[in-house]
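From just these sequences and the hints, can you work out the full model?
Spelled out, the chains give:
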Amino acid sequence: MNLLLASTHYGAWTPPLYSQHGGSIDKLIDVVHVFMFVIFIPWAIFFVYCLMNFRARPGHKATYTPIKAKVSKYAEVGVAIFEAFLLLGMSMPVWADYKNNPPAPDQRLEMRVVAEQFQWNFHYSGPDGKFGATRSSLISASNPIGLAEDDPASKDDIVRVNECHLPVDKPIYLRLTSKDVIHSFDIPTMRVKQDVIPGMEIPIWFTIDKNATTDSIRPQMKTVVPMDKAEWYKVRHLVAAVDHKVKDEVVLAKGADLGADLTKGKELLEQLRKKGLTELTLEPRNPLEIVCAQLCGNSHFKMKAQVMTHTAEDFAKWLTESSKKPEMQTDF
Amino acid sequence: MSGHHDHSHGHHDHGHDLPFWRKYIFSVDHKMIGCQYTVTALLFLFFGFTLMMIMRWQLAYPGQAIPFIGQYLSKDIAADGVLVGDGYNAFGAMHGTIMVFLAIVPLAVGGFGNYVLPLQVGAPDMAFPKLNMMSYWVYFCGGVTMLTSFFIKGGAAASGWTSYPPLSVFASSGQTVWLLGMVLLITSSLLGSVNFIVTTVQMRAKGLSFFRLPFFVWAQLVTSFLLLLAFPPLEAAGVLQLMDRLAGTSFFMPSGLVFSSEPQTHMSGGGSPLLWQHLFWFLAHPEVYVLILPAMGIVSEVIATNTRKPLWGYKSLVYSVIFLGFMSFIVWAHHMFMTGMGTTLSTFFQATTMVISVPSVIVLTCLILSLYGASIRYNTPMLFALAFLPMFAIGGLTGLPLGLTASDIHLHDTYYVIGHFHYVVAPGTIFAMFAGIYYWFPKVTGRKMSEFLGKLHFWPSFVFINVVFMPMFFQGMAGLLRRQYDQTEQLHGSIAHGLTKMSSYGAWLLALAQLPFIINFFYSMFKGRKVDANPWESTTLEWAAPSPPPHGNFDKTPVVYCGPYEYSVPGKSKDYCPQHVAMEA
Numbered sequence: 049m050n051l052l053l054a055s056t057h058y059g060a061w062t063p064p065l066y067s068q069h070g071g072s073i074d075k076l077i078d079v080v081h082v083f084m085f086v087i088f089i090p091w092a093i094f095f096v097y098c099l100m101n102f103r104a105r106p107g108h109k110a111t112y113t114p115i116k117a118k119v120s121k122y123a124e125v126g127v128a129i130f131e132a133f134l135l136l137g138m139s140m141p142v143w144a145d146y147k148n149n150p151p152a153p154d155q156r157l158e159m160r161v162v163a164e165q166f167q168w169n170f171h172y173s174g175p176d177g178k179f180g181a182t183r184s185s186l187i188s189a190s191n192p193i194g195l196a197e198d199d200p201a202s203k204d205d206i207v208r209v210n211e212c213h214l215p216v217d218k219p220i221y222l223r224l225t226s227k228d229v230i231h232s233f234d235i236p237t238m239r240v241k242q243d244v245i246p247g248m249e250i251p252i253w254f255t256i257d258k259n260a261t262t263d264s265i266r267p268q269m270k271t272v273v274p275m276d277k278a279e280w281y282k283v284r285h286l287v288a289a290v291d292h293k294v295k296d297e298v299v300l301a302k303g304a305d306l307g308a309d310l311t312k313g314k315e316l317l318e319q320l321r322k323k324g325l326t327e328l329t330l331e332p333r334n335p336l337e338i339v340c341a342q343l344c345g346n347s348h349f350k351m352k353a354q355v356m357t358h359t360a361e362d363f364a365k366w367l368t369e370s371s372k373k374p375e376m377q378t379d380f
Numbered sequence: 000m001s002g003h004h005d006h007s008h009g010h011h012d013h014g015h016d017l018p019f020w021r022k023y024i025f026s027v028d029h030k031m032i033g034c035q036y037t038v039t040a041l042l043f044l045f046f047g048f049t050l051m052m053i054m055r056w057q058l059a060y061p062g063q064a065i066p067f068i069g070q071y072l073s074k075d076i077a078a079d080g081v082l083v084g085d086g087y088n089a090f091g092a093m094h095g096t097i098m099v100f101l102a103i104v105p106l107a108v109g110g111f112g113n114y115v116l117p118l119q120v121g122a123p124d125m126a127f128p129k130l131n132m133m134s135y136w137v138y139f140c141g142g143v144t145m146l147t148s149f150f151i152k153g154g155a156a157a158s159g160w161t162s163y164p165p166l167s168v169f170a171s172s173g174q175t176v177w178l179l180g181m182v183l184l185i186t187s188s189l190l191g192s193v194n195f196i197v198t199t200v201q202m203r204a205k206g207l208s209f210f211r212l213p214f215f216v217w218a219q220l221v222t223s224f225l226l227l228l229a230f231p232p233l234e235a236a237g238v239l240q241l242m243d244r245l246a247g248t249s250f251f252m253p254s255g256l257v258f259s260s261e262p263q264t265h266m267s268g269g270g271s272p273l274l275w276q277h278l279f280w281f282l283a284h285p286e287v288y289v290l291i292l293p294a295m296g297i298v299s300e301v302i303a304t305n306t307r308k309p310l311w312g313y314k315s316l317v318y319s320v321i322f323l324g325f326m327s328f329i330v331w332a333h334h335m336f337m338t339g340m341g342t343t344l345s346t347f348f349q350a351t352t353m354v355i356s357v358p359s360v361i362v363l364t365c366l367i368l369s370l371y372g373a374s375i376r377y378n379t380p381m382l383f384a385l386a387f388l389p390m391f392a393i394g395g396l397t398g399l400p401l402g403l404t405a406s407d408i409h410l411h412d413t414y415y416v417i418g419h420f421h422y423v424v425a426p427g428t429i430f431a432m433f434a435g436i437y438y439w440f441p442k443v444t445g446r447k448m449s450e451f452l453g454k455l456h457f458w459p460s461f462v463f464i465n466v467v468f469m470p471m472f473f474q475g476m477a478g479l480l481r482r483q484y485d486q487t488e489q490l491h492g493s494i495a496h497g498l499t500k501m502s503s504y505g506a507w508l509l510a511l512a513q514l515p516f517i518i519n520f521f522y523s524m525f526k527g528r529k530v531d532a533n534p535w536e537s538t539t540l541e542w543a544a545p546s547p548p549p550h551g552n553f554d555k556t557p558v559v560y561c562g563p564y565e566y567s568v569p570g571k572s573k574d575y576c577p578q579h580v581a582m583e584a
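In the order they appear, the protein sequences are chains A and B.
Residues 49 to 380 (this note's numbering) are what the first sequence spells out, left to right.
Residues 0 to 584 (this note's numbering) are what the second sequence spells out, left to right.
What the hints contain is simulated information worked out from the structure, not anything from laboratory work.
This one's a predicted model, so the numbers in the text were calculated from it and none came from an experiment.
Treat the hints with caution; some may be incorrect.
[Said to hold, decoys possible] Residues from chain B shown here face chain A by an in silico Cβ test under 8 Å; the list is partial:
{"id": "1", "residue": "Val257"}
{"id": "2", "residue": "Thr306"}
{"id": "3", "residue": "Gly339"}
{"id": "4", "residue": "Ser345"}
{"id": "5", "residue": "Asp554"}
[Unchecked claim] For the chain A half of the interface with chain B, some residues (derived, Cβ under 7 Å), not all of them:
{"id": "6", "residue": "Leu76"}
{"id": "7", "residue": "Lys109"}
{"id": "8", "residue": "Ala128"}
{"id": "9", "residue": "Tyr281"}
{"id": "10", "residue": "His285"}
{"id": "11", "residue": "Val339"}
{"id": "12", "residue": "Leu343"}
Ideal placement from N, C-alpha and C gives every residue a C-beta, glycine not left out.
Set out below in structure tokens:
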């Protein structure tokens, strides 16, 4: 059915998880689904039993009096009680945990996220911890959030487009806002989702797992794809995890991608097949993505940013290095 | 009211003298209007499905030219035969709008409700026949308006069937046409609902007390109240959005917007995009029940007839739909959990959402317990009605993780949602509609549809509709988002692409599976086996009228002597006791 089911979990159940709060969400999803099966399976068995046992046939007559169904009453009460448990015992506490008690200002990395058609802009306060002022009149292609350079606080600010650097194991506090239409900030692998609504600033917070740096995740998501199942659409975001050799000749070097578009991808895959390669060992180019979950226009599907997660030291290094550069970074 | 009653009777004798255009076009006869609704809605159903089949090509083979039809699509929709992003979004928005407002509601309420309800209550026509005619023609104009939007510059509305501002306010002029179309469609539904309520309350036959009403009538009555109470807020909201687009108001537009690097200083601002969502979902959640209640009504009729025994827990069914109708007004914000809702509001809305599942469980329980001790006849309408039960169960159960805020964080706006509501509406409601068509076809035409073609329609449809929608739950679990022009653009969508293809093939095969139905429909209309007035040996009043019923419906004004589902009554010679026949002592 799905070629990468086993190794990366995409398409089998929830995707891999790299945030601390996500476990309780996954647990609720699992419990609800077990509950659904516990209801549905006996129900379906009874249904099929009725269909077979009470089919019209010569000599068989329907009974006028209704059956006294105690079981169904118990079942209905049972369903209601279990739903109450799901609500009070699981969903409400998890939601409260997700929504209440933001991390203290001195313990969190605070940053602004400004969404627009069709990109994510990330605004870091830099080492001084102060966000420079922004003005909509200053917005331009090279200054997507309208950062006021005359504000001293903006001097060490960092603005990144579609590239988000985050530390692991530290509470991250995002202030989400939008310039134009409604977007939705979604990191499937972190179980984070929040609509981004113009005219409002909505905070969310989460903490990334200690071991979930981008460099350590990528090899974890390594997968082996048989050549005959390697369709370009399925491998377009994957790169070679090792050097692929046929008779000591490297046909696909480590880190090489599988074609920028469908035509090139098809050609490349065909060449590799002809050269006698039987399987590909691949890993995602960017294992963590921020995507837009709310329809925001004709290129909604392209609105995504890559997340680079770093250890505390690496993140601090990135922050200092990036803030030293005087000019705005708008690399795509 | 009695004056009106007499008035319609006055028409009776002239029924056959009416000129063609009065009899078939601008008819005031509820049966002709019902047929007009049914045929128009089926055409829209087919059109909405076609849009989706084209979209499913783009999803399965992103960026590749659509075979056969790609070259005929306009430049706003497809370039060199390849669907473009705006075209995809327009098709998506119009698929949703057409399926909900132009296909299923008109079919379930306008078609079945109009045709069957007056017959089942023993009335000669609707309470307000001219209002009824107006309701159809306003709907027709709304439909034409929606269709014309495909041909204007910039194409049809492309902001989803939910039309969230500011996107919808910035959108091209197709959105204006969409709003005008919606105003017409809502007006049509309001006219219809008033008619249904008055007819049910005032025009029941002698002896037909409320608790002797067929369950279908109850379902339609509750549906009409939902339409009457829920639609006006959206009509108002539609007008407000129209003003935002045309008159420069800012009901839904906040201050400080910057669109395509241009500050929107000409707007007064200060509006709220969330206000639209509240108004929209205040309609659109009850709307979900408008889609499902008539389906439950049809399924109950078909099941009662073909199990040859009374429905189990008739009163529980009635109380459940009334409760469902009431609750459906206080769950709307569960569509908005991700808008930044705190713990207080979400507590209320997830609690009401769990509560509303209880009456749905009761309805399903009653219907399945009705099978116990039955003598089940497996004809085509019954197959569709039976298939409704597990399909609706899956649709209902998968609503649970979406109704709980915590699990909704991961599943919101993913294909899991698409799978969930399609299970309710497609193999749920649409299967019930098919059951209804096969079931009442002999009443409408005096001929039965072919059983062979019917089964050839049912079995492949049942298999392929699950091939279409089952993969969506797994895709949603993987995080695949809805409304994606190219799902493979994102990592998780790309990896789960195999399931997308499977779903697409399911959709195309499902379309093929509809051919026997189309053939059957037209063939049986002219060549089907002729049957008498009550071919299913059923009990409710519509079967007391001749097939097809004449203008004025009944040869003799019916009087009702018993409840709606007196099947297999012990000690009787026949296994059914029609409502209009006095039971022997």
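Now for the hints, and whether the structure bears them out:
1. Because the beta carbon of Val257(B) sits about 4 Å from the nearest beta carbon in chain A, less than 8 Å, this interface hint is met.
2. Checking Thr306(B) against chain A by beta carbon gives a least distance of about 6 Å; that is within 8 Å, so the hint holds.
3. Checking Gly339(B) against chain A: minimum C-beta separation of about 4 Å stays under 8 Å; hint holds.
4. With its C-beta approaching chain A no nearer than about 6 Å, Ser345(B) sits inside the 8 Å limit, and its interface hint holds.
5. For Asp554(B), the interface hint is violated, the least distance from its beta-carbon to any beta-carbon of chain A being 30 Å, above 8 Å.
6. For Leu76(A), the shortest C-beta to C-beta distance to chain B is roughly 5 Å, which falls under 7 Å, so the interface hint holds.
7. The restraint placing Lys109(A) at the interface with chain B holds, with a minimum CB-CB distance near 6 Å, inside the 7 Å limit.
8. The restraint placing Ala128(A) at the interface with chain B holds, with a minimum CB-CB distance near 6 Å, inside the 7 Å limit.
9. At a threshold of 7 Å, the smallest CB-CB gap from Tyr281(A) to chain B is about 4 Å, leaving the interface hint in force.
10. Because the closest C-beta pair between His285(A) and chain B is about 5 Å apart, less than 7 Å, the hint holds.
11. Look at Val339(A): its Cβ gets to within about 5 Å of chain B, closer than 7 Å, so that hint holds up.
12. Evaluation of the Leu343(A) hint against chain B yields a held restraint, the C-beta minimum of about 4 Å falling below 7 Å.
Of the numbered hints stated above, the single one contradicted by the structure is hint 5.
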